[in-house]
Amino acid sequence: MIAGVPTEFTPPGPESFDTLPIIDGVDWFTKPVLVAALSVVVIVWFFWGASRKAAVVPSKLQFAGELGYNFVRNSIARDAIGSAEYMKYVPYLTGLFFFILLNNVAATVPLIQFPTFSHVGWAYVAAIMSWVIYNAVGIRKHGAWGYFKHQTMPAGVPAWLMPLMIPIEFISNILVRPVSLSLRLFANMFAGHILLLVFVLGGEYMVFEAGSIGLAGVGVVTFLMGIAIAGLELFVQCIQAYIFVVLTAQYIGSAIAEDH
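Numbering (our numbering), first residue to last: 121 to 380.
For the record, the hints were derived by calculation from the structure and aren't laboratory data. Keep in mind that this is a model prediction, so the values were computed, not measured. Positions of the beta carbon are idealized from the N, C-alpha and C atoms, including for glycine. Please note that a few of the clues may not be correct.
Each pair of labels, with its calculated beta carbon distance range [what the hints assert, rightly or not]:
id, residue 1, residue 2, range
1, L284, G241, 33 to 39 angstroms
2, V146, I248, 23 to 29 angstroms
3, M285, V252, 22 to 28 angstroms
Work out the full structure: start from the sequences and follow the hints.
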């Protein structure tokens, strides 16, 4: 409010996700880069600290580390890949899960409050990494032609249907997967954070800027709803990390399976 005159409310939009360089002259060093770097430091510290003094009777940190590792190994890698080879991929899946999780949860951490994967480039990179890995392991196991046949020619389909099935399966299994992986993660982080901004900033505006007691009351309710949405968003952030890694594990399992 300026001189008793309410200022106009500017709703959040895509420009709310624009980030300035943290250090002048270093254009690439923005908040998403900082959050990603901090998450790597936290992950390395956490698992190093949990494993460096491993004991039969675990410490609290060791117990937490084993709990996180076992969750990815047993509930994601073993169940989704379903092969004696699943242990090969546990390190990648564990690192991927906790990296996405921490960068998502950063959206609700005070003073950070920014989801790295709300910038689609980060989601693309994560999806391309998984795409390269599951295609590479599939080609290594079946050979280039065998893998192509494995992914595009479903068993039991009549030969006369193959001209139709091959392009459909190729688009679905080879081309669409990295796009759907990345856009699902990006869209959820972007939409959830912008919804949170609408409620929090809208509530703040009605309380402090609108100049009306009635709107101030509505603003308080809106702000409280924003807090509730933040709790829901935290749940979505965890679920999206889980979904991304489960799908990655399933794609690896499909790539190395003997039958399509």
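Each hint, compared with the structure:
1. L284 x G241: 33 to 39 angstroms: Holds, at about 35 angstroms.
2. V146 x I248: 23 to 29 angstroms: holds (25 angstroms)
3. M285 x V252: 22 to 28 angstroms: Between M285 and V252, where Cβ atoms are some 25 angstroms apart, the hint holds.
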